[in-house]
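Q: Protein sequences, first through last, are from chains D and B. According to numbering that gives the first Met the number 0, the first sequence is numbered sequentially starting from 0. According to numbering that gives the first Met the number 0, the second sequence is numbered sequentially starting from 0.
Calculated from the structure, these hints are not laboratory results. Keep in mind that the hints are not guaranteed to be accurate.
In silico contact screen, one side only, chain D against chain B (beta carbon under 10 Å); selected entries [said to hold, decoys possible]:
1. T35
2. E218
3. Y220
4. F241
5. Y270
Beta carbons: idealized from backbone N, C-alpha and C, even for Gly.
Residue strings, one per chain:
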Amino acid sequence: MDRSSVHIDPRDRIQKPHYGRVFLTFARNSLVRDMTFRSNFILETISSLSWMFMNLGFYLLIFSYTDVIGVATGWTQYEFFVFFATVAIVNSLVQTFFMPNAQEFSELIRTGNLDFALLKPIDTQFLISLQKVNWSGLGNTGFAILLLLFSLWQLCNRQAGFSLHPIQVLLYPMYVLCGVIILYSLMIALSATSIWLGRNQSLYNFWFYITNFSRYPMEIYSGPAGDPRRWIGESLRNFFSFVIPVLLAVNVPARLLAKPLDPSNTALAVYTVFGTIASFLVSRMVFYRALRGYRSASS
Amino acid sequence: MLVTWWTILRICLEERLVYRGDFALGTLMRFLPIVTQIFLWGTIFETISGEIAGYSYHDFIAYFLLTMVARAFSSMPGLASGIAAEIRDGSVKKYLIQPIDMVGFLLLNRLAHKLVYYGIAIGPFALIFFLCRNFFPSMPSSETMIAFAISLVLSFLLGFFLEAAIGLIGFWFLEVSSLLFIYMLFNFFFSGHMFPLDILPYPWNYVFEAMPLQYLAYFPAAVWLGKIEGESLLIALWVETAWVLFFILVCRVAFHRGVKRYSGFGG
Chain D
0 MDRSSVHIDP RDRIQKPHYG RVFLTFARNS LVRDMTFRSN FILETISSLS WMFMNLGFYL
60 LIFSYTDVIG VATGWTQYEF FVFFATVAIV NSLVQTFFMP NAQEFSELIR TGNLDFALLK
120 PIDTQFLISL QKVNWSGLGN TGFAILLLLF SLWQLCNRQA GFSLHPIQVL LYPMYVLCGV
180 IILYSLMIAL SATSIWLGRN QSLYNFWFYI TNFSRYPMEI YSGPAGDPRR WIGESLRNFF
240 SFVIPVLLAV NVPARLLAKP LDPSNTALAV YTVFGTIASF LVSRMVFYRA LRGYRSASS
Chain B
0 MLVTWWTILR ICLEERLVYR GDFALGTLMR FLPIVTQIFL WGTIFETISG EIAGYSYHDF
60 IAYFLLTMVA RAFSSMPGLA SGIAAEIRDG SVKKYLIQPI DMVGFLLLNR LAHKLVYYGI
120 AIGPFALIFF LCRNFFPSMP SSETMIAFAI SLVLSFLLGF FLEAAIGLIG FWFLEVSSLL
180 FIYMLFNFFF SGHMFPLDIL PYPWNYVFEA MPLQYLAYFP AAVWLGKIEG ESLLIALWVE
240 TAWVLFFILV CRVAFHRGVK RYSGFGG
């Protein structure tokens, strides 16, 4: 091509990357790597599946002693299994796409290899968050979806008055995605703080302790009148819904399927969309603020 | 010999104190899951009048808090993975050249780690136990307390040698991380960290009571709560001692055989 005839705008010289294609490359590379160590991959899938089975066993044990978790909460066995399946779907997606990357982030900072990520002509948060895909995590997602379908089938058959509206089915994946984004935002914000702290042990572990609150129906954060559990529970519920919205990550999609559409859920569902966007924006802010404080390790 | 050990212990103590802020924060964090347990079991007990397998709601919470104490003794974060990493990257050589025993050195290291940990963790622990004092039954008898103390010391030893033995598998398989994950998984459930093992239905309760993992969390807590008493308590303590001796032996044999297999190159 005759170069002199083409006017090159200096702003166009750096090509905008095609994010979808870049992500597919990451995913493919990770899959190739996983398939290179195939027995390790199978072992990882089996061990994370056995974690699911053990949890399921634990809940079966609880339901062998009681029919419902809490008085008049509506969380009988199969509704609760819908909830548990949602916990597993949201968490396994986070584990598959984000966890290996957040873990490696602090290592990049410590070794100074973050330099290479900063130099690449692509959004740094995107590159840091999605570079690796841990494919073995999807085994859990698959099993959780089966458990979800089975529980819903049981509910439709056994419970009179239980029905699924197409809107519920359509909104469910969207709210699962919201849940994943909320948990991801918290994770990346916490691991970004390791730039300030030098080491990130305590803060990254924080994520597991905080998201632990999201693993149970929000009705449990209450107690009999007069008991300190009542006000502590209420404060926890408000804090983890409105300040750090992890409680919404699983509760909203799970309620959407397991409970009939009722107006009190609608307000929460609308708020969740807002909370998701806010969490993501805040995490982005924290991430870039932290990057500004990055001083490369000497080589 | 004693001077050497004392020096090692002192160095490890000082090394550990460097990260004391991290430690204190980490300890408080570790109680957060208890908060969810308090609410979860509180809600479950709303529909159960009375007890689950002899445990009231208060017993359950006291049980979870006591397993935290037991785990403070028996959990060995990074021990097995550390041993395996040293074997893999070849730094295990230093134990072969220097006149110190690897497992003994690591034991002292861990002891120092734990001593520092208790020194700092006693604050958060005292606070939490004070806040939760109403969950506990009245103080047990002095014999029970002595048995509890013994069970804690034994759980430290059992936890250490069990995990060291797993780390030493690294002489045979260079990568033990997935094996470790499975161990952690089993440990989490079958040590009784998640629920008292005796609420399991027959025959599972017998299966788990035959495994050494129960001594890492369930057993000390059950002793304090008076679930195991008299002759069965004595027998259980002896069985635990036997497990400790067994894993000491496993460590010795594994290290001895492993070193024979091991080949190190370069400097």
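Q: Are the hints correct? Go through all of them and say.
A: Going down the list of hints, with the structure as the test:
{"no.": "1", "hint": "T35", "in the structure": "violated, 13 Å"}
{"no.": "2", "hint": "E218", "in the structure": "holds, 7 Å"}
{"no.": "3", "hint": "Y220", "in the structure": "holds, 5 Å"}
{"no.": "4", "hint": "F241", "in the structure": "violated, 18 Å"}
{"no.": "5", "hint": "Y270", "in the structure": "violated, 22 Å"}
Violated hints, listed in ascending order, are 1, 4 and 5; each of the other numbered hints is respected by the structure.
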